[in-house]
Amino acid sequence: MNVELSRRAFLQTTGAGLAGTTLGALGFAEIEAAHAAAIRSFKLANTTETRNTCPYCSVACGIILYSKGDLRKGEQADITHIEGDTDHPTNRGTLCPKGSALLGFVKSPTRLQHPMVRKPGSDKFEPISWEDALGRIARLMKDDRDKNFVARNNDGATVNRWISTGFLAASASTNETAFATYKVVRSAGMLVFDNQARV
Amino acid sequence: MTNSWTDIRNTDLVVIMGGNAAEAHPCGFKWVTEAKANRGAKLIVIDPRFTRSASVSDLYAPIRQGTDIAFLLGLINYCIQHDKVQWDYVKAFTNATYVVKEGFTYKDGLFSGYDEAKRDYDKSTWDYDIGPDGFAVVDETLQNPRCVWNLLKNHVSVYAPEMVERICGTPTDKFLKVAAMVAETSSPTKAMTSMYALGWTQHSKGSQNIRAMAMLQLVLGNIGIRGGGMNALRGHSNIQGLTDLGLMSNLLPGYLTLPTQKEPDLATYMSTRGFKPLRPNQMSYWQNYKKFFVSFQKSMWGDAATPENDFAYDYLPKLDVPGYDLLRAFELMHQGKMNGYFCQGFNPLQAAPNKKKVIESLSKLKFLVIMDPLDTETGRFWENHGPYNDVDPSQIQTEVYQLPSTCFAEDDGSLVNSGRWLQWHWAGGTPPGEAKRDTWIMAQLYLRLKELYTKEGGAFPDPIVKLNWPYADPGDPKAEELAQEINGRALAKVTDTADPTKVLAEAGKLLPAFAALRDDGSTACGCWIYSGCFNENGNNMARRDTTDPDDAGFYSKWAFSWPANRRILYNRASADLTGKPWDPSRKVIEWDGAKWSGYDVPDIVPTAKPDQVGPFIMNPEGVSRLFTRGMMRDGPFPAHYEPFESPIVNPVAPKVRGNPAARVFKGDMAQFAEAASKEFPYAATSYRLTEHFHFWTKHVIVNAVIQPEFFVEISEQLAAEKGITKGGWVRVWSKRGSVVAKAMVTKRIKPLTCDGKIVHIVGIPLHWGFTGAAKKGFGPNMLTPFVGDANIETPEYKAFLVNIEPAPGPAA
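Sequence lines, in order, name chains S and R.
Using numbering that gives the first Met the number 0, read the first sequence as starting at 0 and increasing by one per residue.
Using numbering that gives the first Met the number 0, read the second sequence as starting at 0 and increasing by one per residue.
Hints are not guaranteed to be accurate.
Stated by the list, open to error - Label-pair restraints from in silico Cβ distances:
hint, chain 1, residue 1, chain 2, residue 2, range
1, R, T494, S, F41, 52 to 58 Å
2, R, Q80, S, G92, 45 to 51 Å
3, S, F41, R, S596, 44 to 50 Å
None of these hints come from the bench; they were simulated from the model.
Glycine included, every Cβ here is placed at the ideal spot set by N, Cα and C.
Just chain R, same shape as in the assembly (with noise of 0.2 Å):
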C-alpha cells in the first residue's frame, strides 16, 4: 500500500477491483465502512462475481476475468475525452510532458522491437528524447504529437465505452456509471482510494493491470494523498516483508537487486545503478544505492568484506537468467535438474498451477525438506489418496523429511502489514512436542553446513564459513538480535557529510536510520528500507502509542512503518508547487517557507523547495510515469491482452495471443485451450472464501465445519444449459486435469456477453486438499495453467477454460 488501512478512512471513493475486501480482509474493509458512514463515502466494485463487497456497494459492474486493463484503459480515455484530469498534477508530477524518442510505435497489439520467437521486445525505443545538456526533453505546452501525454490519449482511445463492453462484457450504461463516478475525483479535494489484491496479481499481465490503475490515479491526481493511493491489499501476513527483505531469486533485502553473470565486478554493477538524475535539482534517491549495497554486504559477511575484495561481491551468486521464480523451479525440477528442495512454510502442491506437472517434479527430487507448523499436502505428494492424489509411493524415490515449526502464538519478532507497518508480537505458548521456531532450525542447518565446509572443505566455502554470524548462542539466534541486524550498526564513527562535528552513531552503536548508512565499509545494515526500526531510541516495532492527531489516520507512533517511519508514500505529491495542500482538509505535509512538516514524515528532502524538487524522489525524473520507459517487459504502456486460454479472439488485437511477452515453456503452450475454444467453452476463475484462509483453516475444526466441501460455483443459466442441479456433483476439466465438485447454483454469477457471444464463468474456490479436518477436495490448481506474469511470473490463476458437465458422485 502507498497508503495505510487506517487512512481509508480519509476517502471519497473506494474502487474494489481486483480484490474481495469484504470477504478477504474483512477487519480492513470496516475503513470503507467508516468512510462511507463518516464521510458519505461511496464504493464501487468491479468484479465477475457479485461479491460481499459488491453486496455493500453503491455500484456493482460486472466485468470478464482478464480483461481489467480494457477497463481501466477506458476509464483514462473517458477522463482524457471529458477533461476530467487533475492537470496541475500531471503537468507537475508526472511525465506527461516528457517527449520520447522517435521510432517508438504500437501497433495491433505490439509494441516496437518485438522478436516473436524470443517473446520479448528490444525495449531501445522506448525512451526519452535526452538533449545535448543530458536531461529529457520536455513539452510543457503539450503540443509535441510525440510527448507521453499525446501517446496516451492516443493509445488508449481505442477503449471507448463500446470497445470497453465488447472486450469486458461490463454494459456499457454501468461502465458510464462507474466512469463519471471516478472523473470526479479528478477534482484537487475529492480523493479515490484503489484497493486491489491477488485478483488483479494473477494474470499473466497482473503487473499491467496495476499500472494501468496507477495510471488512472496518476492522472486523478489521487497518489501522495490522504484518502488515496494504490493499496495492494496483499495476501499472507508476512508477503510484504518477505518481499522487501528480497527473499526472491533476483532480489537483495530493499529491492536491490541480485548482479548478472554480465556484471563480473563492483563498478560493472554499480554503472547500471547510479541513477543519474533525468532533470535538473532532482534528488534520484537511488543515487544512494551503493550506501544500502556495500552496508547489506557488512550486514552479511562483515570484517571479510573489504574495499579490496570489492566488499565480498564474488560471494554473491550471479544470475544467468531474469530469476529462478516458483514456475521455473518447477520446470527445472520436472526436467530432473533439480535434487534438492526446501519448503518453508509453504504448501507448493496446493499453491502451485496444474497439479499434475508438480506431482511429477516432486517426484524426481533426491530430497524435499518440509519445514512447517502443519501437515501440508507437499509434505505427503508421496502419499495415495485416491483421485486426490493419485500416486504410487513406491514409484516415487524421494526422501522426505517433515520438520515441525513454531507457528505465531510461539514466536517472538515481526510482521509488515499491508500498509508498511512493522508490528512487533510475543510468543505466549508453548510449541507442541519438538516444534521448533524457523530461526533455530535455520541456524542448526547453518551451523551443520558450516562444520562440514570447515572440516572438509569443498565447493567454493568462503561465503559459508565466512558468513557475519555474530550471535549470543549461534544455533538460538534471538529476535531482537537479527532485528538489529536488519536495522544496522555502526562499524566505525558516523558523521554528518555536511557538518563532521556532528556524530551521527558512534562505532558499534545502532543506526539511528538509513540516512547514516556509508558506502566505505563503515556501517553494515541488513535491509536499508527497515533502518530505524530497532535503533538506540528501542524497538520502534514495538510501539503502542494509539496518538492520532486530528484523528487523522496517522498513528505514527504506533509500530514502526518504512521506510522512516512515513505512513503515506510520495506523500509530497499531496501539496501543489507551492507546498500547500491540494486539499486544505486533506492535509498531510506542507511548505511553511523554509521546511516541510505536518502529520507524516516528509517523503523529500525537509528544506527541497517545493517548486523545484519533484515529489516521486526514486526516480530520476523527479516525477512519476505515465510512460513507464524500458522498466517493464511487455511494454511502456498497459495493451488489453486476452488470457492464454481465452473464450474470444483479442478484438484489438486478434494476431496476438496471450500476452505477447510472457515466458511460456516448452510444451506448456500444448497445454493451453485454443481462443474460444469448443472443447473448453467456459471461462473459470479460482476465489477465496470468507471462513477459509488458504490452506491453513481446513486445519482448523470450526472452519472446517462451517465451508466443510469442495465446490464450483456457475449460475443458473448454465446450470439451466447443463442440467446441473443445486448441490448435485459436477465434473469440471481442463486441458490439465479434471475436478469432481458439489455445484454451487447462484445468483451471483451472471452469463455476460463478450465480443457477441455469452460467456458463461465458472467460480473455483481454493481451499481445499486431502489433510487437515475438511472434507477431502480438489481445488482449482488440478486444473490451472502454467504460465505467469510478463514482469514477475505469477501464475495465471485467475483466467483460464474449463468444460463441466453433471457427473455421478466421487467414490470415496
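So here's chain S without its partners, still in its complex pose (with noise of 0.2 Å):
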C-alpha cells in the first residue's frame, strides 16, 4: 500500500508547490488566488484506493477502485472509477475494451437488488424476503434429498449419492467461494456438479 499513499500525497504536494512558489515569485499574489480557486482538485484525491482484479478473463490484470467511502473503516462504498494497476507485472497499468468499461458492470441497471421468486405457471418475479428464500430453497432441497438420496447401489455397495439435484458452479467466483461450494455441495452427496471449465 506505500506505492499508491506516496503516489497521492506526491500529486497533492506538487500541485500545492507549483501555485506556492512559482507564481508567487513572480508576484502575482491575487492572480494565484483566483488560479488556484479555479483549479478543480483532482478528482480521485479524495478517493479510497482498492487493489482488485478484472473478472473478465484469464488474463486478471490488476485494477485500481476509487469509491467514495472507505469500506474497512465501516463506511458506505461507492465505486466512482476503475482503471488498470500501472504496478501489475501481466498488464501494467493497460486494460481492453471490456476492462476499461468495469465501472459499467459494477453499475449496470440489470444488477440483481433483491431475492425474487417466479412461482410455478406465473409470467412475473415477485419479491421474496432472504430468510423466506433460504429458507424454502433448504426445504426442497432436503425434501427431494431424502426422497431420492441412494445409499445403497443395485449390488449392495455404499455409494451415498444424490443425483436428482445438481450444481453448476461459476467461473469467476474466488477461491474461497469455490471450496466453501465445494464443501457444501460434496458434503450434500451431490454428484451432478460442474462449472464454467467444462464448456
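Each chain sits in its own coordinate frame; assemble them with the hints.
Below is the structure:
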C-alpha cells in the first residue's frame, strides 16, 4: 500500500508547490489565488483506492477501484472510477475494451438487487425476503434429497449419492467461494456438479 | 499454462492456433508484441478467420475448423521427415524409447480394442511391455519397430502436406512455410510457445487437439523452458481456480478423483492410485496421493474422519458413470430425472448447446436457484421474449429463485489466472440493494440444511451434520478463513520424515507447503496444490513485490503460483542430462553438482541427480508421453476425426463418423446433419468479439453501444452466391434451430477447398440474448450440436453445419 499513498501524496504536494512558489515569486499573489480557486481539485484525490483484478478473462489484469467512502473504516463505499494498475506485472496499467468499461458492470441497471421468486406457472418475478427464500430452498433440497438419495446401489455397495439435484458453479467466483461451495455440495452427496471450465 | 503471460517475452516463435489472443486476451497478447519488438520473435496464426491476431502476424494460414489434429500431426511428420527433432531431449525426456505391447494397432481410423456398440475401447493393448524387473522395457537405440518413436513415425506418415491440404484446406505452400518456421525451434537454443483457448477445446476431440500440439512441443524440446510451453489462455477469470479446486462431477480438489462405486473402501480406492514408478529412480510424485486425500478428508470432516472409518470415505458420493457433466445434467433433466438445479454465476440457457433442448429440460425441473450479480437469461427461461425465447409461462411449473450476489468489486478473495498465479483482491464497494457474497449464501443454505437434518433426521445426515465448519461467524465465513483452510493446518506436530528433531509445523499452525502433508490424519488441507498460499508467513497471494531478477519474467515474489510458487512447470527439462541449461541465455534452473537452483523453484527434488531422475515427476515413467497409454478414451495418439457435422467425409477414415469414442445420447445423433449434407452445406463456427465478454458485457452500456447487435460473418463469395447483401438480414438454420441476424460480409473469411470441394464458412459470434442493455439477439447455441469431447465432454461449439438464406428482418 506504500506505493499508492506516496503517489497520492506526490500529486497533492506538487499541485500546492507550483501554486505556492513559481507564481508567488513573480508577484502575482491575487492572480495566484484566483487561479488556484479555478482549478478543480484532482477528482481521485479524495477517493479510497482498492486493489482488485479484472473479473473477465484469465489474463487477470490488475485494476484499482476508486470509491467515495472506505469499506475498511466501516463506511458505505460507492465506486466512482476503475482503472488499470500500473504496478501489475502482466498488464502494467493497460486495460482492454471490456476492462476499460468495468465501472459499467458494477453499476449495470440489470444488476440484481433483491431476492425474487417466480412461482409455478407465473409470468413474473415477485419479491421475497432472504429468510423466506433460503428457508424454502433448504426445504426443497432436503425433501428432494430424502426422497431420492441412493445409499446403496443394486449390488448392495455403499454409494451415498444424490443425483436428482445438481449444482453448476461459476467461473469468476473466488477460490474461497469455490471451496465453501465444494464443501456444501459434496457433503450433501451431489454428483451433478460442474463449472464453466467444461464449456 | 505451463508458463505465464510475462514469460511470453522470452519466446522466438508464437503459434496462435485454437485461440485469438489479440481480441480475447488483449492485455496478455501485449507480451507477444514485446517478444516481436524486443527479440525479433515471429508470430504465426492458424485460424479459419483472418482475426486481429492474424492481422499482426508474420504468417497467417487458413484452416477449416475441426481439422487441427491433421495439421499438427502433419507438422510432427514434417519434423520427423526433415530430422528437425531435439534428439537429446526426445530420447531422455519422452517415452520415445519405450516399447509398446504386441497387439496394439491403428487401422482405418480405429485403435485396437474398439467396441462399436459401446462407442468405447478395451484399452488393454495400449500400454508398454513390462519387463521381468517390473519396469517398462525401453530400446535406447530406437531400432525396435514397436518402440513409441517408430509407432509415432508410422502413425503420422499419412499426414503429408498434400493430405493436410486435402483435410484442412490449408494450401500446401502455406503449410510448408509454417512447418519450416516451427521446425527451426527444434534447436536447443530456440523456443516456440503455443497459445490456445476454446478454439481447441470446443470440439468432440478437443483434448486430442491439445495433446497433438503438446507432442509437437516435446519433439521440438520446447516444454519446461523459458519462452516455450503449452499455454492455455483459458476463459473466465477463475476457470483455472474452480477446476483446481475440483468443482467438477468426478474431481476432488487438486486433481484427485472421486471414488467410483467399484471402490467400496479406501484400500481399494488407493490400489489404483499408488503410481509405482515405471522406471528405476523415478519420483512418481503421485505416490503421495494418500497424503493429499487424507488431508482433504480431514479438511472436510475434521474429527469425524478417523483411521477407523477410512477417514470418512463413505461420506463421499460414489460415481456410477464417468461423470455428471453439463451435457449429462441436461440430458437427465430432459428425461425428467432431475428435480432441482442451482446456477451460481453460470448462464446455461445461453452457454449450453441446443437451446431448445435446454429450455425443455429446465421446464421439467421442480425448482431452479440462480445466484448471480446479473439478470441472466437462465433465470428468466420461463418468460416469453418473442422469437428469442418462445415459451408459454403458464405451461412451465418450475419454481425459480433469483438470488442477488456480489460482483468482484464487492468481494475479497483470490482468483487464479491462466499462468496459475493466485492473486488476492479486496472489496472496494458496498453491494447494491440486498446483494450478498456467495460465501454468505452458501453458508446460510448449509446452516439451514444442517438444522433440518439435526431436527428431523433423514437420508444419511452424517456428512452434512458433521461437516467441518470452523468459522468465527458460521453464517458468514471470511475469505481469509477459507484461504487458510485451503492452505492446510497441522492438527498435531508435524516433523521432517528424514529428521524427526526438525519440526515442520506445530499443532494448530498453518502448513508451510504440501511437503508437510501426512496420511495419518495429522494434517488437514483443502487443496494440496495450493498449500503454501497462506502459511505462517502470511497471505502469499497478496504479495505485490515486482522484483524480477535479470528481467527473466518470473516475478516470483508477486502473488503465489501453484504448485509451490513454481512459475514454469517441468522446469527441470530446461537443462540437459548434466544439468546445464540447453540454452544458457534461457536459464531457468541448473545443477551445481549438489543441488538445483536458479530463477524458479525447481520442479524436482533439489538434490535429484540430473542423469538419474527424469523431469516429468508426476508421471511414473519420469518422462513425458508421446504415447499416452490408456489414459485417454479415444486413443494413445491423436488421429484426425471430422466434427460430428462435417462438410466432407473423413479422408483418412471414411467409415468413421465424428470421434468414434465420443458419447452421444440417444436422440441426439438423429439431430446431427449427415456428412457432406446437401441440406446443411456450410461449415459454421462460433466465436467471441473483443468488445464483449460472454453474456456479461451486454449488461454494460458502453459495450452494448460499441457492439449492439447480433450478426453472422460470411465471405464475399458466399454472399454473392446466395444473393446476400452487406448489412442485410439472413436466416441461418441447423438441424436443431434457426436464427435471424444481420449479415456481415467480409474479406476475413474466405472459402476453402477441402477434398476437392469448396467449403464456405459461417462465423457466428456469441454475445447476445434477451436481458441486458444490448439489442435482443439469438447467438449460436440455437444451432449447436449436443455432443462433447470424448474425454471431458466440452461441447462441440466450434464446428457444425448450417444453411443460410436472405430473410426479411425480425418482426419485433
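Outcome of the hint check:
{"no.": "1", "hint": "T494/R <-> F41/S: 52 to 58 Å", "result": "holds (56 Å)"}
{"no.": "2", "hint": "Q80/R <-> G92/S: 45 to 51 Å", "result": "holds (47 Å)"}
{"no.": "3", "hint": "F41/S <-> S596/R: 44 to 50 Å", "result": "holds (47 Å)"}
Hint compliance for this structure: no hint is broken.
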